[in-house]
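Residue numbers (this note's numbering), protein chains in the order written: chain A, 1 to 111; chain B, 1 to 111.
Please keep in mind that the hints were generated in silico from the structure rather than gathered at the bench.
Glycine included, each C-beta is placed from N, C-alpha and C at the ideal position.
Hints should not be assumed to be uniformly reliable.
Reference excerpt, derived from the structure (chain B facing chain A, CB under 10 Å, subset only) [unchecked claim]:
no., residue
1, G3
2, E14
3, G16
4, G40
5, L43
6, G58
7, S61
8, G63
9, Y64
10, S67
11, R68
12, S69
13, V88
14, P104
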Amino acid sequence: KNEVEQSPQNLTAQEGEFITINCSYSVGISALHWLQQHPGGGIVSLFMLSSGKKKHGRLIATINIQEKHSSLHITASHPRDSAVYICAVRSTKHTGNQFYFGTGTSLTVIP
Amino acid sequence: DAGITQSPRHKVTETGTPVTLRCHQTENHRYMYWYRQDPGHGLRLIHYSYGVKDTDKGEVSDGYSVSRSKTEDFLLTLESATSSQTSVYFCATRGGLETQYFGPGTRLLVL
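Please work from the sequences and hints to get the whole structure.
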């Protein structure tokens, strides 16, 4: 069983649509990250959350610690948002610096 | 972008040969990580380092070793490559506010 589960696995949207990607985790965490991986393979960090909500441009990330759930929202989606979005958590399960990653949500935005 | 480079970017090798992948950072980050990314799996931690000469195993460390003799360099060695080690390997560092910065990845094919 994966410590981090994402849904949906694949998502196709029309340009302009509001998009939600979900992440659930089963371990205690100190922080949750949303990452973006473009078709070329590069991975960039979008958000780090430990509580509440963060907004950056058209991207909004929320986390509910009690429910062990986070969502990434994209408003007014655009073809350039097409990428794989990865949820990652920094676990408190280990004394080290263990990050667990979801398998990613592949988003395609059609013009 | 954090200055993280990986070399080589692509490698084809034969089963049983040793392989060393290099990660170089210019950000003076203390924590460095090696991950592998395979279809159907999230990024999985191979080894990580929390300082010069300080390393620890991740969840998929069998068949891999690491070394960190300088803050800026983190080496991953496959002592005797196997076909199951065909993967894309990412190096990452952890900076301020827990942000992870990823290198561009190394595609390794073991024949």
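Do the hints match the structure? See the list:
no.: 1; hint: G3; in the structure: 14 Å, violated
no.: 2; hint: E14; in the structure: 24 Å, violated
no.: 3; hint: G16; in the structure: 27 Å, violated
no.: 4; hint: G40; in the structure: 7 Å, holds
no.: 5; hint: L43; in the structure: 4 Å, holds
no.: 6; hint: G58; in the structure: 7 Å, holds
no.: 7; hint: S61; in the structure: 12 Å, violated
no.: 8; hint: G63; in the structure: 19 Å, violated
no.: 9; hint: Y64; in the structure: 16 Å, violated
no.: 10; hint: S67; in the structure: 18 Å, violated
no.: 11; hint: R68; in the structure: 14 Å, violated
no.: 12; hint: S69; in the structure: 20 Å, violated
no.: 13; hint: V88; in the structure: 7 Å, holds
no.: 14; hint: P104; in the structure: 6 Å, holds
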